[in-house]
Amino acid sequence: MNLKGKKLPRSFYLRPTLEIAADLLGKTIVYCRKDGIVAADIVEAEAYIGEDDPACHAAVGPTERNRVMYGKGGHSYLYFIYGMYNCFNIVTEKAGFPAAILIRGVEPVYGEEIMAANSPDGTKLLTNGPGKFCRAFGLTCEQNGIDLTGNEIYLLDRGIRPSQIVTTPRIGIKKATDKLWRFYDAASKYASRR
DNA sequence: TGTTGGATCAACT
DNA sequence: GTTGATCCAACAC
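Residue numbers (numbering that gives the first Met the number 0): 0 to 193.
Among the clues, some could well be false.
Claimed, not checked - The calculated DSS-like cross-link candidates involving lysine-lysine, where the alpha carbons are at most 27 Å apart (straight line), are: (1) 6 <-> 71; (2) 5 <-> 188; (3) 3 <-> 33; (4) 33 <-> 93; (5) 173 <-> 188.
Quick caveat, the hints were computed from the structure, so don't treat them as lab data.
Just so you know, these numbers come straight off a predicted model, no measurement behind them.
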């Protein structure tokens, strides 16, 4: 494997969320599990920004669920949805301002056998969707609130440049569909939709 | 190719 | 009691 790269520092996560969302494409997410390491390159992400964004979980104000979004950027935000899936987000911006970026699609680079073991038999694309990505990585609410500048979950800059960044409305929501806050690499088959 | 509904449950109204 | 930042199988064209 080649997992060499520069770990993204706290300062990366304290910038404007839309800037970070675009920058996340091509970055590598690494999760050190008890049974091994899984890693994948981000190819799709969506921004959810502040209490004024009606689609953001923080639109209703602080609750127990969205608590970590109000914390400092550079932490994980995981939540359980539709009774069966988890979604992984990266908290951004300074403490007190609730914002996060949903990781919707990644390209596996290491630990494919662990991802396959976590996924239903026969699944080909294991990580082209937020629910599938979390299932393949084995991410659940137990990983909520983890500091991404630590050693369990972190992001790596391996110098990868996404070939074709496209901006679209966010997926699966009914509010604020006018905002083009979804970013993905159109050249990747691991983007959830085109 | 497109639309529909079931699975399954925590958070919120 | 209702809904949702999902996914997939089963249909209708």
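Verification of the hints:
1. 6 <-> 71: holds, 18 Å
2. 5 <-> 188: holds, 26 Å
3. 3 <-> 33: At roughly 20 Å apart (the allowed maximum being 27 Å), residue 33 and residue 3 satisfy the hint.
4. 33 <-> 93: Violated: residue 33 and residue 93 sit about 31 Å apart, past 27 Å.
5. 173 <-> 188: Measuring from Cα to Cα gives roughly 25 Å; hence the hint holds.
The earlier numbered hint that this structure contradicts is number 4, and it is the only one.
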